[in-house]
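Novice: One letter stands for each residue in the lines below.
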Amino acid sequence: MIKKVLIILLFVLLGLSLYSVVKYNTFGEDKTVVARHYIDYGMKETGSQNIVTAVVVLYRGFDTLGEVTVLFLAATALGALLHGLRFKSKEKEPSSLIVSTAARYIFPLIILFGTYVFVHGHLTPGGGFPGGVIIASAFLLLFLAYTQKEVSEKTLSLTEGTAGILYVITGLLGLVMLNSFLANFLPKGIPGKLLSAGIIPLIYILIGFKVGAEMTGVLRNLKEEEK
Amino acid sequence: MNGGAMFYGAAIALIIGGIMIAATKRNLIKIIIGLNIMETGVNLLLITTGYISGGTAPIMNKTWTKVVDPIPQALVLTAIVIGVAVTAMALSIVVRIYEKNNSLDIRKIKEMRW
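Chains F and G supply the protein sequences, listed in that same order.
Going by my numbering, the first sequence opens with residue 1, and the numbers climb by one from there.
Going by my numbering, the second sequence opens with residue 1, and the numbers climb by one from there.
Honestly, the hints are just simulated from the structure, not real lab data.
Mixed in with the good hints there might be a few duds.
The following label-pair restraints were derived from C-beta to C-beta distances [stated by the list, open to error]:
hint : chain 1 : residue 1 : chain 2 : residue 2 : range
1    : G       : 53        : F       : 187       : 34 to 40 Å
2    : F       : 155       : G       : 61        : 35 to 41 Å
3    : F       : 179       : G       : 53        : 36 to 42 Å
4    : F       : 192       : G       : 25        : 47 to 53 Å
5    : F       : 76        : G       : 10        : 32 to 38 Å
6    : F       : 94        : G       : 109       : 34 to 40 Å
Note that the coordinates shown come from a computational prediction; the quantities given were computed from them, not determined experimentally.
Every residue gets a Cβ at the ideal spot worked out from N, C-alpha and C, and that includes glycine.
Produce the complete structure using the sequences and hints provided.
Specialist: Structure follows, in structure tokens:
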């Protein structure tokens, strides 16, 4: 009885909140002043062609640092939860010749594509997070093709930790030089060039390394462990 | 049917569908899948609120004056990453529950009765 009342209450609340979202946000209308400012002055202020990247890395940079921390915490908690897990697993079959041969040639290409995506975060769609996940997917292919393959946990933690610390140091340098955490202290350059937008490419490269290492660590932990 | 009704409708259908799956299924993996479907719906809803008629992606490599609102897109970028982290966490907890109870059925887990 009480369960049913709760479920009905939940759906009524959900319906009300969804209704208000749809009611007050007319489709296709120009709504916020903040968005106007970002669109009109974003490229001038940050030197970044991709305004979403400018919002993520500079205007809301502190938020992104928190997001990276959440990802780090989740990866760590996952490692702690799955530590020492042993399944009574069946014998692992090695993957077929086609998969293992193809993986050998495709692996470097996926890594290259991931690197391209996070290096060009301020010019094209993409950035550190998608780039990092693409790199992790290359490692997933490696794990699928070579079941015995291991990535050392030490290397992963070292990459992840170094990238995280460098991110915070970049922020602190902004604090020292321009009195604002994560301020853009490097020259902005010409928008559209690879070396432009100040600290945005720097931070996105660090995020790319960090996310790549973290997601690879998650995959490594979720992989069935050998006895 | 105009674009607004389509996108809002799809987002709300995904949210309701996801909640229905999460509330009615007994299998833990299916509950997590339901939560993921709901998350997709919420992301679509956020992106839809930021659409401006005739706008392109907020990348200014031409003299475009009409682009869509970049803020919901930046927020959804955050939400996707957090969603992946939460899903990975939830799956690892499910692995532990399976190891202890040898079942993914929530009716068979004594600690989850109320």
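Novice: Does each hint hold? Answer for all of them.
Specialist: Hint by hint, here is what the structure shows:
| no. | hint | in the structure |
| --- | --- | --- |
| 1 | G:53 with F:187: 34 to 40 Å | 37 Å, holds |
| 2 | F:155 with G:61: 35 to 41 Å | 37 Å, holds |
| 3 | F:179 with G:53: 36 to 42 Å | 40 Å, holds |
| 4 | F:192 with G:25: 47 to 53 Å | 49 Å, holds |
| 5 | F:76 with G:10: 32 to 38 Å | 36 Å, holds |
| 6 | F:94 with G:109: 34 to 40 Å | 36 Å, holds |
Violated hints are absent here; each numbered hint is respected by the structure.
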